[in-house]
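Participant: The primary structure of each chain is shown beneath.
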Amino acid sequence: MSLLDVENLGRTFGEAHAVREASFSLERGEIVALVGESGSGKSTTARMVARLLAPTTGRVLLEGSATVPELAYRSKVQMVFQDPFGSLNPARTIGHHLTRPLLLHRRATRKQAPQAVAALLETVGLDPSLAVRHPHELSGGQRQRVAIARAFAVEPLLVVADEPVSMLDVSIRIGVLNLMERLRDERETAFLYITHDVASARYLGGRMLVMYGGHIVEGGPARVLTGEPAHPYTRLLLAAVPNPRRGSSSTVTRPTGPRPSTGCPFTARCPLVTDLCRTTMPPVTRVADGHWARCHALGKENQ
Amino acid sequence: AGTTEPQKPQSQGPLLTIIAEQGATLARNFNPFAATSRWATRNALYEPLMIWNHVTGTLEPSLATGHTWSADNKTLTLTLREGVTWSDGTPFGSADVLFTLELMRTHKGLVGEAATPLAQYVDTITAPDAKTVVIALREAITPALYDLVSQRIVPKHIWEKVADPVTETNQNPVGTGPFVLSTFRPQGYELKRNDKYWQKVEIPGLRLSGYTGQDQINAAVLSGQIDWGAVVPDPDKTFVAKDPANHHYWWPRTADVNLVVNTTLKPFDDPAVRKAFSMALDRARMVDIALWGKSDVANAVGLPSQAYPGWLDESVLAEGKKTVTLDLAAANAALDAAGFAKGADGKRTTPDGKPAAWDLIVPTGWTDWISVAGIVSSSLAQAGITANVKTVGFDNWSSTVYGGKFQLTLGAGKRGATPYGYFRDMLSTATVKPVGEVSTNNFHRYGNAEADKLLTAFAATSDEAEQKRIAADLQRIYVAELPTIPLYEQPDWGAFVTKRYTGFPSADNAYAPLANDPLFPTTYLVYPKLKAAR
Amino acid sequence: MKSAAGGAILAVLALACLAAPLLAPDGPAAATAGAFEAPSAAHWLGTNGQGQDVFAQLVWGGRGSLLMALSVGVGTTLVAVLVGLLAAYFGGLADEAISLVVNIVLTVPGLPLIIVLAAFLPPGPATIAMVLIITGWAFGARLIRAQALSLRQRDFIAAAKVAGERPLRVIAAELLPNLWSVIAAYLCGQVVFALTAGSALEFLGLGDAGQTSWGTMLFWAQNDSALLQGAWWTFVSPGLAIALTAGSLALLNFALDAATNPRLRAPGGARRATEVLRHG
Amino acid sequence: MADALLAVEDLSVEYRGLRGAARAVDRVSFEVAPGEVLGLAGESGCGKSTLALAIPRLLRAPAVITSGSVRLGGRDILELDDRRLRSIRWSEIAMVFQNAMNALNPVMRLGSQFADVIRTHTGLGRARALERAAELCTLVGIDPARLRSYPHELSGGMRQRAALAIALALEPKLVIMDEPTTALDVVLQREIMEEITALRERLGFAVLFITHDISLLIEVADRIAIMYGGRIVEQAPARSFLESAAHPYTRGLLASFPSIDDDGERLTGIPGSPPSLIDPPAGCGFAARCTLASDRCRETPPFVEIAPAHRAACWEVGA
Amino acid sequence: MSRLPRRVLFYLAAGAVAVTLNFFLPRLMPGDPATTLVATYSGQLTAEDLQALRDAYGLVDAPLWQQFATYLSHLFRGELGVSLSQFPTPVTEVIGTGFGWSLLLGLVSVLLSFAIGSVIGAVAAWRRGSRFDSIAPPVALFAGSFPYFFMALLALYLFAVQWQLLPLGQAYGFDVEPGLNAAFAADVLAHLVLPAGTVVLVSIGGWVLNMRNTMIGVLDEDYLLMAEAKGLSTPRVVGSYAARNAILPTFTLLGLSIGNVFAGQLLTEVVFSYPGLGYQLYQAVTTHDYPLMQALFLLITVSILVVNLLVDVAYVLLDPRVR
Ligand SMILES: Nc1ncnc2c1ncn2[C@@H]1O[C@H](COP(=O)(O)OP(=O)(O)OP(=O)(O)O)[C@@H](O)[C@H]1O
Ligand SMILES: Nc1ncnc2c1ncn2[C@@H]1O[C@H](COP(=O)(O)OP(=O)(O)OP(=O)(O)O)[C@@H](O)[C@H]1O
Ligand SMILES: [Mg+2]
Ligand SMILES: [Mg+2]
Ligand code: NI
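Residue numbers (my numbering), protein chains in the order written: chain W, 1 to 303; chain S, 1001 to 1534; chain C, 2001 to 2280; chain D, 3001 to 3319; chain U, 4001 to 4323.
Hint data in this document are derived by calculation from the structure and do not stem from the laboratory. If you're wondering where the values come from, they're calculated on a predicted model, not measured in any experiment. Certain hints may be false.
Distance condition first, Cα-Cα at most 27 Å in a straight line; then the derived BS3-like pairs of lysine-lysine [what the hints assert, rightly or not]:
#, chain 1, residue 1, chain 2, residue 2
1, W, K111, C, K2161
2, C, K2161, W, K76
3, S, K1242, S, K1294
4, S, K1468, S, K1200
5, S, K1468, S, K1242
6, S, K1531, S, K1196
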């Protein structure tokens, strides 16, 4: 039994399909990175997994159950948000942010709370004296560490991290990523790591899922995916990443026309597009062990 | 008088500006049977048969030149003036009077002085000739005369074509009065002289503007824009001093203002309590402060001696003098005796142990009354009685007061040619209605069986000496019972400016009241006397 | 600076009113002098048309006026905060319904409603306070709702939910603390509004003329034609007292505004005063 | 470089706040040659934007330029009067801001935003100005019909392109680009960068390109300057930057970027946080975070040439 | 729910509530027109006359809900009835006399204070910290702290009574002929100075603050920086870029103010005897003139809703983002 099973998840906002037919699973202690272009539905997926948003179709199973009670779910699934400025309440102290989950999920009594808070701060590499400060007195990296500490206060099995480092300065990003890695190793916590920075997904290792236009179009081990991308979008994405070592390679295709409402969302930009692509969404096609993609061209290439 | 003098061509003087309308926008309604009609309807356009002049105490001829009572006091004969024409040129005659009175009799909902006598006492109305009207009453009620002759008369040839006189707005009035309508705007209107008027009138016309409140009126009067106005605060200082040669006022008094207690309520049913209250009141201060010293404190019967020469009994007044004079010690003693215990804080409790505190309500905007109420309240406070002054909208006030649901309020005694109406309101059981039923006259709800007999006798006689004797007895009852508490004599407010016109009535030339009062259309007596200033 | 001035004026006024029994031991109603006596040593601010000491009325009357204004401020703020927060937090149908009610209340003509209500209830400061609360909460509710709505979009609310907080607790412990300055500014504004609107009602005669307050002082001044008689002190004293109170609250509000909105707070200096300062 | 287009010398900017003056730009000197792309990188808050705004004198209170000169074609911009300053702006120095959504007036049609700058500086009529705007749109690959649109009706990439087109409206000699692609998706970023490169090749304007993404700079810039704590700490040609970067801070920065073809090596980032600008430590600002720091670092290191066309401010890497 | 049905629902619900309130509120007040009738006509009416008058006035004793049904059916036929206090003038005629003046006074004072206030606010924000900024907004604020009627009475007393510079009240004098002529226009203007001027004086502070606050927000936006970088002239930057954007939020408030022009001028009209609807409403309330009150309430609500609608529409025109 997987820790998390996402089955055929979909969400619409009015007419717009933000996420469609998303299915994936996560094991204990696994980091799964979800990458994709802006507006492809990454955050929407994350919010559905964190139960902040109700799915329109499909379901989310935690340890095989779709009906975990609210509080129990919260004690197992936590979330870290993109913006460390917005995710901490400017009116409350750091201590408050860490104490509340401890008390709510009975991880500590009121008496033990201060020590527990201090321990948490130390875990994420912060000075325990920060507990009495307000968020605006902390730097961005410190804030994001506090946000991570808050998620870890309840000792969750899964942390949904929605672009946890993209608002942080380059020099401190890596520290936060390393922290996540360490926590995974030490506590067997699983991460759903959302990002549009393919390099950092690869850095964390684990598996990677690529989203485009609401669909998960490719999945597989991060190293494999970044090395031998199968889906044309993944290829485009990787080619666009600035890479001083490799030198730039111009592969950009400008989108022409609106995104189609049927078929593969990538048709408008795809160099390999066929008529079939315009009418039907490609099925999941196995590329290699644990590596799959959804592209009609793929089947043909393999044939 | 009596004959039509040839009118001179209109003199080109300024219009006489008179304050009589309240409201920022005025509706064009000149129906004399509607209380919502414009002021000029009943005071400049349509005339009554005769006018009670309460300054001279005489009944002055208007459309009628005289009246006679039959020996049994049941038939009234009125002689009409010769040579009167309506403003459209049609001659005026007894048919018009007959028509007006019958119209009122047959059409319910018409407002007019004659309404009550027509419904209650009048038997038949006939016109033996063009200049005579004979009214037969069912019983001898001589005071009905004043109501009947005050009725404004309308032209038969016009009103017989009016479909519904109740909802008629009579936008282009045709009357016998000294003026006719010239321009009308919602903000005000102008009248010009009626060239066919039966008397000589020099002023070319009247101008009437609407004002929203007393302050606006005061401001207009004080800035000299008005020729004829009403109340001016502290007139010597604010008004006369500005232009002593031209600014004048004259405030004759015709009725008293009373502190009215609801005699159906527990402590107020006791005359001793009413008298105790009365003795606690600082009437001199009311006159000084609310009336700038321009009036007098009330006498014991609540009738101004000026207005009723010869009617008041000096011995009764002397007898009652004590009860209407400030004597705090006596008031306190009387309250102690009546069982009003005084607490440590100086406040009393009623014999039932409740706080001696009541609401004294006055209509919003009645500035002099509100001011007086303030003084009543502080006076009573000296004796340990609390009177909370509350101002309420007039309709709220009237429904509370006339419905008998008030505790304390102020009221004005009825004015009249004789004290009959006043005492009827004050003492007659016929005017007492059960609480909840509307009573506009006797809202203090006091009745006295002995007074009833005296009032009946009064009405049945037309002999003035006899009436005066009966009036003395009524005064005696009043002083003994003190149904309401007289405070001070209410002036008939009036102010005028002689820059443009002279000839206004004044203390030196007291030919008529100065106040313009829709109930007594004495302004008709003034118009002919006004002359352009030099 | 502005807030300090505002606070100081307010403190002096409030103290004077609190100390009324010491400053004017005879009470406001004692009518001991002649009408409209000009200011003198015996009567610092002269006497009114009733022969009462204007200074005594001012300090005693301030108690009623300030109490009334304060209760209206607190009352409307409470209702507005409650309604606004509930609407904003729960959103959806609840918000839809509450907003509808709020908008309808906003379209109901305020002043006429006040007059009708004031005529309906027994006159007095309590009635005026009630009437102003009934008619005054809607705008605040809309304001608080808008503010709370924008806060609700912020991630820390989602974070609190993820932590497992219950809705009411999120509102009380996470949303509310961020709204204090808005609420305080609104409270100030409401107190000012109540002070002027309340005195307007009293001035119109819809109050209780028997109780001394700044509004009824103006009512009496008008009733006794004080201005026309040249007794400006009876009129100007209460008017100025109201204006000073309202003005000082407005100054406080100004400062609170700056506290809410950091952009209003930045240090002075003309906008484009980027001077070039060079050595030598 | 005598033939420099822009020569900034000894420029200092302070923010004078309640808590004291923060020196956001500290005695900075650099030059931009005609047609050159100078990349400026550094951590958040190191003063990049302040420097960018100081050049066309766009800083607002409480910022104060306390020293230095900004020479553009021989004139010192800091000495110009208001009218002359306005006439230089955009016609000689144009700008592209980080977030085009915010930089375009939301209530004005795109066409008018082109037209007002064209008309202000050239005196062309409205119709002619719109014609010119249409040309510019075609140049950056936007359908000229879009000139009738409001900014919010365009996608993020289109807005950024439009901002670029507006910047080129008067064919300026220098375009300052302050993180023009940071808000965009990688794919879009690539697209815009290619657009910029192509246009520059055609029109020959110089660019001061600001970003915090060194990888990007290495791809697009001719020379790279690294800023730290208000100062420029290293300046070198882009071509060999990866290998030749000498300053410990620059090296730290480079070590903070995971790359798509690195294999499993652990990156460390730079521990610690940047110095306070209000009360900066004496000497080298990076000393507190530097592994090579020694006593010498208490004195400000000179900005010296350590290799041809390569300068750095560090005692440890000096010649 | 999408925007359009929601707006429609709002207007329907607001209309229904207004009509219901219009009917019941006046009838909940203490006192009734019948007693007032008795009081006013004391002694001049018999009981039968009174009944006849009550019938004519339409004051029936039927249960309230029945009266409400009658009222609704009349309303649907567009019948607003006759005024009781000005009986038998139709309500529409009574309102007709005040409508124009209220509109004139209201629009002039609201637009003037909005315009002046916004300009002061914009300039203060642009020159933040200058002497102008440290004087103008606080002064405007302090002027706005005076109770309105206090200012108005003081102005009336000083300008009209004491110095006699301006007319005492009303909308125009007797000596001019109403119509489209210069003399009348000048006279109307002279009569407008005090009422409108006092309203402007006390209401300007709010607009100043509003504009200053939103403007300061806008000044921080990148598009302002870009406008300056473009070398545009200062008036263009302040006008087309800063003020144009800053005015948007203020605009909704302007709508609210304009919507209230028929309701909010009671004190002005009382003090200056101005022949508008505010004073009529006050009179209607104090005389229990139900039909007039109902019609005025209806007018006020409808005008608020209409202005709301107009603001919605205008907002769409002014702010392309909400289209
Ligand atoms: N609350 C919402 N209402 C309407 N549309 C929404 C809402 N939230 C997201 N969307 C739309 O759904 C789509 C997916 O959005 P989402 O935020 O999940 O994308 P994302 O992959 O996280 O993008 P980014 O990288 O920019 O954060 C977008 O087109 C977005 O506009
Ligand atoms: N208006 C201001 N008042 C005070 N300090 C300011 C102001 N604007 C910027 N600063 C400070 O000046 C320093 C430089 O800011 P600047 O915006 O130039 O940095 P940056 O390098 O552009 O950063 P980023 O990469 O985040 O855009 C920062 O420390 C900042 O806190
Ligand atoms: Mg996202
Ligand atoms: Mg920057
Ligand atoms: Ni009839």
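Participant: Let me make sure I understand: some of the numbered hints might not hold for this structure. Which ones are they, in numerical order?
Facilitator: 4, 5
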